[in-house]
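**Q** The residues making up each chain are set out below.
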Amino acid sequence: MDKIITEKPVLSAPPRVTLGELLFSFLRLGLSSFGGGMAGWTHREIVERRQWLDEEAFMNTLTVAQILPGANPVNLAVYIGLKLRGVVGASVAFCGMLAPALVVILLMFLCYQKLAGYSETHAVLQGLACVGIASTLTMGIKTSRRLQRVPLPVLTAVGVFLAVGPFHAPLIPVVIVAIPLSVFFAFYGKRGSTHG
Amino acid sequence: MDDNRLLRLIQICVPLSLVSFGGGQSIVAGLQHQVVDVQHFLSAPAFTDFYAISRSAPGPGTLIVSLIGWHLGGLLGALAATLAIFLPSSAVVCLFGSFWHRHREAAWAIAVEKGLAPVAVGLIFAGAFTVIQSAAFTWKEAATTLVATGLLLKTKIGPYPILGVVGLGYFTLSYSGLI
Numbered sequence: 001m002d003k004i005i006t007e008k009p010v011l012s013a014p015p016r017v018t019l020g021e022l023l024f025s026f027l028r029l030g031l032s033s034f035g036g037g038m039a040g041w042t043h044r045e046i047v048e049r050r051q052w053l054d055e056e057a058f059m060n061t062l063t064v065a066q067i068l069p070g071a072n073p074v075n076l077a078v079y080i081g082l083k084l085r086g087v088v089g090a091s092v093a094f095c096g097m098l099a100p101a102l103v104v105i106l107l108m109f110l111c112y113q114k115l116a117g118y119s120e121t122h123a124v125l126q127g128l129a130c131v132g133i134a135s136t137l138t139m140g141i142k143t144s145r146r147l148q149r150v151p152l153p154v155l156t157a158v159g160v161f162l163a164v165g166p167f168h169a170p171l172i173p174v175v176i177v178a179i180p181l182s183v184f185f186a187f188y189g190k191r192g193s194t195h196g
Numbered sequence: 001m002d003d004n005r006l007l008r009l010i011q012i013c014v015p016l017s018l019v020s021f022g023g024g025q026s027i028v029a030g031l032q033h034q035v036v037d038v039q040h041f042l043s044a045p046a047f048t049d050f051y052a053i054s055r056s057a058p059g060p061g062t063l064i065v066s067l068i069g070w071h072l073g074g075l076l077g078a079l080a081a082t083l084a085i086f087l088p089s090s091a092v093v094c095l096f097g098s099f100w101h102r103h104r105e106a107a108w109a110i111a112v113e114k115g116l117a118p119v120a121v122g123l124i125f126a127g128a129f130t131v132i133q134s135a136a137f138t139w140k141e142a143a144t145t146l147v148a149t150g151l152l153l154k155t156k157i158g159p160y161p162i163l164g165v166v167g168l169g170y171f172t173l174s175y176s177g178l179i
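Note that the protein sequences, when read in sequence, are chains X and C.
The working numbering applies: residue 1 is where the first sequence begins, and numbers increase by one.
The working numbering applies: residue 1 is where the second sequence begins, and numbers increase by one.
Where hints are given, some of them may not hold.
With beta-carbon atoms standing in for the labels, derived distance ranges [what the hints assert, rightly or not]:
#: 1; chain 1: X; residue 1: 19; chain 2: C; residue 2: 14; range: 44 to 54 Å
#: 2; chain 1: X; residue 1: 120; chain 2: C; residue 2: 103; range: 46 to 56 Å
#: 3; chain 1: X; residue 1: 180; chain 2: C; residue 2: 136; range: 32 to 42 Å
#: 4; chain 1: X; residue 1: 21; chain 2: C; residue 2: 176; range: 28 to 38 Å
#: 5; chain 1: X; residue 1: 19; chain 2: C; residue 2: 102; range: 22 to 32 Å
#: 6; chain 1: C; residue 1: 4; chain 2: X; residue 2: 167; range: 24 to 34 Å
#: 7; chain 1: X; residue 1: 148; chain 2: C; residue 2: 103; range: 29 to 39 Å
#: 8; chain 1: X; residue 1: 147; chain 2: C; residue 2: 7; range: 15 to 25 Å
#: 9; chain 1: C; residue 1: 38; chain 2: X; residue 2: 21; range: 26 to 36 Å
#: 10; chain 1: X; residue 1: 117; chain 2: C; residue 2: 106; range: 55 to 65 Å
#: 11; chain 1: X; residue 1: 180; chain 2: C; residue 2: 75; range: 18 to 28 Å
#: 12; chain 1: C; residue 1: 165; chain 2: X; residue 2: 180; range: 20 to 30 Å
#: 13; chain 1: C; residue 1: 79; chain 2: X; residue 2: 147; range: 33 to 43 Å
Bear in mind the hints are in silico, worked out from the structure with no lab data behind them.
Ideal placement from N, C-alpha and C gives every residue a C-beta, glycine not left out.
From just these sequences and the hints, can you work out the full model?
**A** Shown next as structure tokens:
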């Protein structure tokens, strides 16, 4: 059973970080964000190298980035930027994290457009799509291991999958119905398990 | 450039951004459905190509919308689509991040966290299913995906060596006329 020990005031006294440093750090991160593992890279840069956040503050930041909607690396950047330098910092971190990746992917897309006439291009991309699907499946399997082993969450996951996947139901309405139901179940079923 | 189509892409991206619980992969099914089946911005094979590029490139896989934006409206389209998919969720982080952090031990917050997980899982698998469908899988793709999933789950091999080997393999097969 994990006990919450006296919590350090995360937001009270962040070290003075200039916007330039913030931008530089997140540009670095944006460039190194190959193949996931972003949380690890960010930890290395922000906690170990720059020491802008301590271990606990970083873990809390990561939790917030994962629970709120949006791509986790971008959320992480935005929330760290926000903590260190407010909304301007969040904007700087947002741009730093996305700009390099955007430039690279658009360059790749230009190459793709030049090569789209060759059948080999589509064959290669078909293969790469398989690896992309594999990494999505891996992520889905890892996330589903964290689900409680009780019927309702499992049924919810299967229901959402069937509706949005095989049955092509529009995603937004499905989510708008499923989330309140799922949260309601979790709220009234929570005594059954311990947190962690 | 077609302003109308770009506007519709933005209208698709903003709500998806706000419900992308569990990360960018959870909205792939919804995105594919809207841009391929409903709006006919691109064909299913083109979507598969874009998906493959976005999953092989650095950065979040959600950048696939930047490619769709480029496809519809060049550089401006790419920028507009990128902002449409990342800004709303980032605004949520700015507005609710600290709020969430303060209340994370509350009973309702724990229920929200637990309640979101099954929905995210369902959406992530729906995304994989949708791309499998749009990629028109045969035994070859199924085998590749299974082996790659096994490697990613059971070994410490990262996605990049796997992408390299698979890319080279498919190129060779295609070049020698086998696929």
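**Q** Against this structure, judge whether each hint is valid.
**A** Hint by hint, here is what the structure shows:
1. X:19 with C:14: 44 to 54 Å: Since the Cβ atoms of residue 19 of chain X and residue 14 of chain C sit about 27 Å apart, the hinted range of 44 to 54 Å is violated.
2. X:120 with C:103: 46 to 56 Å: holds (53 Å)
3. X:180 with C:136: 32 to 42 Å: holds (36 Å)
4. X:21 with C:176: 28 to 38 Å: This hint is violated: roughly 52 Å between Cβ atoms.
5. X:19 with C:102: 22 to 32 Å: Once the Cβ atoms are compared, 26 Å apart, the range 22 to 32 Å for residue 102 of chain C and residue 19 of chain X holds.
6. C:4 with X:167: 24 to 34 Å: Since residue 4 of chain C and residue 167 of chain X have Cβ atoms about 29 Å apart, the given range 24 to 34 Å holds.
7. X:148 with C:103: 29 to 39 Å: Given about 21 Å between the Cβ atoms, the range is violated.
8. X:147 with C:7: 15 to 25 Å: Since the Cβ atoms of residue 147 of chain X and residue 7 of chain C sit about 38 Å apart, the hinted range of 15 to 25 Å is violated.
9. C:38 with X:21: 26 to 36 Å: Violated, since residue 38 of chain C and residue 21 of chain X (Cβ atoms, about 44 Å apart) do not stay within the stated range.
10. X:117 with C:106: 55 to 65 Å: holds (57 Å)
11. X:180 with C:75: 18 to 28 Å: violated (40 Å)
12. C:165 with X:180: 20 to 30 Å: violated (44 Å)
13. C:79 with X:147: 33 to 43 Å: holds (38 Å)
Consistency note: the structure conflicts with the earlier hints numbered 1, 4, 7, 8, 9, 11 and 12.
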